[in-house]
Amino acid sequence: MAKEPVDRSRGSDTEKITINLGPIDLGQIDLLVEEGFYSNRTDLIRTAIRNQLSIHAPVVKDTVTRRELVLGLQYFSKQDLEAARAANQRLKIQVLGLASIASDVSPELALATIDSILVRGALHASPAVKAALADRIR
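Whatever position you read off the sequence shown (first residue = 1), add 84 for this note's numbering.
Each hint should be verified, as a subset may be incorrect.
[Stated by the list, open to error] DSS-like mimics (lysine-lysine), calculated; alpha carbons at most 25 Å apart, straight line:
#1 Lys-162 to Lys-214
#2 Lys-214 to Lys-176
#3 Lys-176 to Lys-145
#4 Lys-145 to Lys-162
#5 Lys-214 to Lys-100
[To be verified] Label pairs and their computed distance ranges (CB to CB):
#6 Ala-196 to Ile-129: 33 to 43 Å
#7 Ile-101 to Arg-150: 18 to 28 Å
#8 Ser-200 to Gly-106: 34 to 44 Å
#9 Arg-220 to Gly-120: 43 to 53 Å
#10 Arg-222 to Gly-156: 17 to 27 Å
Don't read these hints as lab results, they were simulated from the structure.
Glycine residues also receive a C-beta, built at the ideal position from the N, C-alpha and C atoms.
Go ahead and model the full structure; you've got the sequences and the hints to work with.
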């Protein structure tokens, strides 16, 4: 399938997460921010996450290879899915990063061409396509 840039004009390329922290951890974060080690709480949390991902990078790399995951962005246009349908192909989408299905893809086309979706990261698709594929998303 063709990999094309995602139209980012409708939003950010980041996903928001929510975490719960105890008051002592939060206080320590605020202290480090106050002392200038980090620009804000988010800066500390992103840095901590990147450091942990760096530590575990060999495991991630091996797992991506073993599971045959696409690393990064995989974009599916309407034309990609129509070509798959014409070739009588059913796609097993496996992505570590961002899987994006074009906004002009109908739920019917998605159902006819996508066998399963495994995304570790984010899936961008219309609400109708996500609903149609709900039982195929793992």
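Worksheet entry | 17 to 27 Å as the expected CB spacing between Gly-156 and Arg-222, which holds or is violated | 19 Å, holds
_Distance restraint between Lys-214 and Lys-100, which requires alpha-carbon spacing of 25 Å or less_ = 19 Å, holds
(request) Return holds or violated for the Cβ distance of Ala-196 and Ile-129 against the range 33 to 43 Å. (result) With a Cβ separation near 41 Å, Ala-196 and Ile-129 satisfy 33 to 43 Å, so the hint holds.
Discussion item. For a C-alpha distance cap of 25 Å, please report whether Lys-214 and Lys-176 respect it.
Written reply: Since the Cα atoms of Lys-214 and Lys-176 sit roughly 15 Å apart, the hinted pair holds (cutoff 25 Å).
Proposed proximity, Lys-145 with Lys-176 (alpha carbon, max 25 Å): The given pair, whose Cα atoms are some 20 Å apart, holds under the 25 Å limit.
Check: Using the C-beta atoms of Arg-220 and Gly-120, is the stated range 43 to 53 Å upheld?
Finding: Given range 43 to 53 Å: holds, Cβ gap about 48 Å.
Q) Has the hinted range 18 to 28 Å been met by the Cβ atoms of Ile-101 and Arg-150? A) Cβ of Ile-101 to Cβ of Arg-150: about 26 Å, so the range 18 to 28 Å holds.
When you take the CB atoms of Ser-200 and Gly-106, is the distance between them in 34 to 44 Å?
Once the Cβ atoms are compared, 39 Å apart, the range 34 to 44 Å for Gly-106 and Ser-200 holds.
Straight-line Cα separation of Lys-145 and Lys-162 no greater than 25 Å?
Violated - the C-alpha atoms of Lys-162 and Lys-145 are around 30 Å apart, more than 25 Å.
- Item | Restraint check for Lys-162 with Lys-214, where alpha carbons must lie at most 25 Å apart | Given that 25 Å is the threshold and the Cα spacing comes to 15 Å, the pair holds.
Going through the hint list in order, the structure does not satisfy hint 4, though it satisfies all others.
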